[in-house]
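Enquirer: Listed below are the residues making up each chain.
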Amino acid sequence: MPVEVKGVMALRKALNAYAPDLAKELTTEITKSLKVIQKSARGFVPNQAPGGLFNWEFDAARKITAQNSMFKTFSATGRVRFFPLYNATEIKRGIVYRTGYGKPNSRGFRSLFRVKNMSAAGAIYETAGRKNPSGVAPQGARFVQQGPIYGRKRNGQDMRGRVLYRAWEQDEGKQTVAIFKAIEQARVNFEKRATVSSVKASA
Amino acid sequence: MSNILIDIAAEFTGKNAFKQADSATTKLYNTTKKLAASFGVAFGARAITQFGKASVKAFIQDDNAARSLGVTLKNLGLDYGNTATSVNDFISNLERQTGVLDDELRPAMDRLLRATGSVAKAQDLLALGLDISAGTGKDLTAVSQGLQKAFLGNNASLGRLGVGLSKAELTASSFAEIQVKLTKLFAGQASSAAESYAGQVNKLTVASNNAKEAIGKGIIDALKMLGDNTSASDLATDMEDAATNVANLIRGMGVLLSQLDRLPGGFKLDVAMIPIIGTYLSLIAEAGAKAERIATVGAQRNPIQSGSYLKKPPVDKTAVAALSAAKKAAKAAADAAAKKAIADKKSADLAKAAAAFDLTRISIAAALKATYDNDTKLRLLAMQAIEDEDGTRALSYLNQLKILQDSVQAAKLAGITTISNASLEALQFLLFKELSVIDASSMAEADKNAAKDAAFAKFNDAITKQGGLAAANQYDERVQVKLTEIAKLAALQGYGSALATLNTIMVSNELAIAKTQSANDLARYDALKAYITLLGVAYNAAIALAAANAAAAVIVPNVPNVPNVPYVPKPTPRGVLPDYLDDPVIPPYVPRPVPRGVLPDYLDISTSIGSMANSTGNGGSGSNTIKIEIVDKTSGLIEVVQQAVQTNNRYGNNLDYAGAI
Numbered sequence: 054m055p056v057e058v059k060g061v062m063a064l065r066k067a068l069n070a071y072a073p074d075l076a077k078e079l080t081t082e083i084t085k086s087l088k089v090i091q092k093s094a095r096g097f098v099p100n101q102a103p104g105g106l107f108n109w110e111f112d113a114a115r116k117i118t119a120q121n122s123m124f125k126t127f128s129a130t131g132r133v134r135f136f137p138l139y140n141a142t143e144i145k146r147g148i149v150y151r152t153g154y155g156k157p158n159s160r161g162f163r164s165l166f167r168v169k170n171m172s173a174a175g176a177i178y179e180t181a182g183r184k185n186p187s188g189v190a191p192q193g194a195r196f197v198q199q200g201p202i203y204g205r206k207r208n209g210q211d212m213r214g215r216v217l218y219r220a221w222e223q224d225e226g227k228q229t230v231a232i233f234k235a236i237e238q239a240r241v242n243f244e245k246r247a248t249v250s251s252v253k254a255s256a
Numbered sequence: 002m003s004n005i006l007i008d009i010a011a012e013f014t015g016k017n018a019f020k021q022a023d024s025a026t027t028k029l030y031n032t033t034k035k036l037a038a039s040f041g042v043a044f045g046a047r048a049i050t051q052f053g054k055a056s057v058k059a060f061i062q063d064d065n066a067a068r069s070l071g072v073t074l075k076n077l078g079l080d081y082g083n084t085a086t087s088v089n090d091f092i093s094n095l096e097r098q099t100g101v102l103d104d105e106l107r108p109a110m111d112r113l114l115r116a117t118g119s120v121a122k123a124q125d126l127l128a129l130g131l132d133i134s135a136g137t138g139k140d141l142t143a144v145s146q147g148l149q150k151a152f153l154g155n156n157a158s159l160g161r162l163g164v165g166l167s168k169a170e171l172t173a174s175s176f177a178e179i180q181v182k183l184t185k186l187f188a189g190q191a192s193s194a195a196e197s198y199a200g201q202v203n204k205l206t207v208a209s210n211n212a213k214e215a216i217g218k219g220i221i222d223a224l225k226m227l228g229d230n231t232s233a234s235d236l237a238t239d240m241e242d243a244a245t246n247v248a249n250l251i252r253g254m255g256v257l258l259s260q261l262d263r264l265p266g267g268f269k270l271d272v273a274m275i276p277i278i279g280t281y282l283s284l285i286a287e288a289g290a291k292a293e294r295i296a297t298v299g300a301q302r303n304p305i306q307s308g309s310y311l312k313k314p315p316v317d318k319t320a321v322a323a324l325s326a327a328k329k330a331a332k333a334a335a336d337a338a339a340k341k342a343i344a345d346k347k348s349a350d351l352a353k354a355a356a357a358f359d360l361t362r363i364s365i366a367a368a369l370k371a372t373y374d375n376d377t378k379l380r381l382l383a384m385q386a387i388e389d390e391d392g393t394r395a396l397s398y399l400n401q402l403k404i405l406q407d408s409v410q411a412a413k414l415a416g417i418t419t420i421s422n423a424s425l426e427a428l429q430f431l432l433f434k435e436l437s438v439i440d441a442s443s444m445a446e447a448d449k450n451a452a453k454d455a456a457f458a459k460f461n462d463a464i465t466k467q468g469g470l471a472a473a474n475q476y477d478e479r480v481q482v483k484l485t486e487i488a489k490l491a492a493l494q495g496y497g498s499a500l501a502t503l504n505t506i507m508v509s510n511e512l513a514i515a516k517t518q519s520a521n522d523l524a525r526y527d528a529l530k531a532y533i534t535l536l537g538v539a540y541n542a543a544i545a546l547a548a549a550n551a552a553a554a555v556i557v558p559n560v561p562n563v564p565n566v567p568y569v570p571k572p573t574p575r576g577v578l579p580d581y582l583d584d585p586v587i588p589p590y591v592p593r594p595v596p597r598g599v600l601p602d603y604l605d606i607s608t609s610i611g612s613m614a615n616s617t618g619n620g621g622s623g624s625n626t627i628k629i630e631i632v633d634k635t636s637g638l639i640e641v642v643q644q645a646v647q648t649n650n651r652y653g654n655n656l657d658y659a660g661a662i
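One line per chain: the protein sequences are A and B, in this order.
Residue numbering for the first sequence is 54 to 256, as defined by my numbering.
Residue numbering for the second sequence is 2 to 662, as defined by my numbering.
Just so you know, these hints were derived from the structure itself, not from any lab.
None of these values were measured; they are calculated from a predicted model.
Here a beta-carbon is modelled for each residue, glycine too, at the ideal position from N, C-alpha and C.
It cannot be assumed that every hint is accurate.
Derived CB-CB ranges, DEER-like [said to hold, decoys possible]:
#1 Ser442(B) to Asp112(A): 57 to 65 Å
#2 Ser442(B) to Gly105(A): 52 to 60 Å
#3 Asn31(B) to Ile117(A): 30 to 38 Å
#4 Lys59(A) to Asn31(B): 31 to 39 Å
#5 Asn31(B) to Pro73(A): 49 to 57 Å
#6 Asn31(B) to Lys227(A): 32 to 40 Å
#7 Gly163(B) to Ile117(A): 47 to 55 Å
#8 Asn155(B) to Ser159(A): 58 to 66 Å
Some residues of chain A that are not near chain B, with every Cβ distance over 12 Å (derived) [stated by the list, open to error]:
#9 Lys169
#10 Glu179
#11 Phe243
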């Protein structure tokens, strides 16, 4: 009875089950492409806090407490956490890629591969100035004016930023093409191997 | 925070949540169905048991409320005649009309009876409370509590009910007035609410509740008949057993009826139609109803309100009549007192209102405000007291006025024509007080200035009437300081009466200066006069001395007779003193003719020195020495010498070695 494999997830499941080497190869290929974006994005992270915001800069020698923190982050129930300070190393470490499946979103889609900017300070640097392009406070104005945000809004999703989205914008879809090519190649290889002739050959 | 991520690829996997929800709903449905199937029978029996319990509970609560109301009536001495019955009838009627349960009506009535002590008043207030409750949406308990407190004098509790009366109205009005207003405001609310859909439902609730109470009472009566239960636990067990049995019976009846309904020809069941059992059931029902009626009539109880409080010994009619008469008399007295109080209040209010338009009083009040003068003020206060028909106060003011006038007269007799220190201080105090009040007020700036001007005018007027300001230095230091402050304030005000005040104070100051100067001049004049007198004494003494000297004998010494020889000057050799130095007669100076180019004699140094040498008497030898002393005030020479000495010391010379001192 013929079996139809539909979708990347099913393909990868089939690969894992019947051709683990192809599955590994596919993962390697995808990872390679994702690493390109990751590396590029990490290159856009400035070594020091941008815009001359020296007090935002993380200083290991300075202990931040609720009393001396420049940034008051309180909620109705008390302090949630300290305001994230700018630490280039931490931001770079927070730029990661994932090849596992994500949870389905509200529209029923599951992410297959993704690149993320996970650190809080990285997210601030990435997105500051999206809502208020000229900044609200003078410090904000100084911050958002120190560099443009790259990218554009797509399908209602705001894909503008200074790190990850900038790298994505500069890549111009090359890595997406590469990933889909790799998937296609894996599918072709799997199909080849799944045909009777190839089974015979393998036998 | 939005997720900062880029999905390279995604796959549609369907809406998982919907699937999960669907499966959960199906599961729930199936489970519930099973549950219902499993517990259907037990649930029916349990429901009946619960109803039985609820019925008994409702009856007990109702009985307690009725008992409490009965006790209240008894305690208030109102349990005579058919009062209790009428109260219960009233509550039953209200319950049926308004759809409010007697569970609420009885405590409310109880509360109002305790507050008013009158059945009629309590009934009025309860009816009003029902209207307010329906109008405001507050429960009857809260409203009756509010009315109870208001009746006892605490009107604020009504304000919290939101009855639409202001705080001022609640504070100022009596309860009777408030009751009238509330009756007007909430008229017909309860009956209107009873006619509404919710009201109809409430009426059904009332009916069901009463049925529940009746059933509860029936159950208790039956259980009492069945066993002599004394404890609640026994009763509860019996109740549950009875309810289960009743439930089983009903269920059996249901089965029977459902079977009978299947018979052709539209068969309708009557219990009596059931052979043997039906007859017994009908008889039982009739017996139960009869027993209930007998018990009720026998105990003179209201069929629905089955409280036991109505059970009481027969009433002595004579005592009741006496009590009634006494109460009537007390009520008449209370009414009369109330009427008198109202009349007095009206009279007082009228007087107060009339005072608002009494021109005489207004004039006096205005004049009082416009004066600082003690004399005028006392006069006006006395007039005011006379207008108020307060003779004692008027006499007191007149007495004070007399004392003041006497003191003024005394001051005049003593030659004091200006304002005294104490009076001025008092005036200053009043002025400062008034100015501070004006400053602190929230008047417009223009009004403030006008008020300040009026205050200064009053101050001026008061000073003028009391003889004007004396020289400033006649007052004590404190008053003088205050005068300076007032002058400063007046200068700041800068116009009208303030300037007049400033002028008065300045004149006072100038007067003080002038007086001081005059006093100083006088003192200086006196001192001079004394000195002159002293000088005169000395002169006279000198004159006297001179006269005395003149009067004394003159002693003339014996002078030898000197012949009058004419003076013949002798020729004077050079180097010898001329004759005139030996002779008291000085020859006249005859200048010698001075040849041109030759110095005159008196400038000829050799001649002069020679003559000097001759004059010393040392002869005319040639060993004359001239000593010249140089005084160097700039000490330049000294410095030169010092330097030379230091150089010598430092470096030495051909005689001494270096450093020798």
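Enquirer: Hints the structure violates: just list their numbers, smallest first.
Expert: 3, 5, 6, 9, 10
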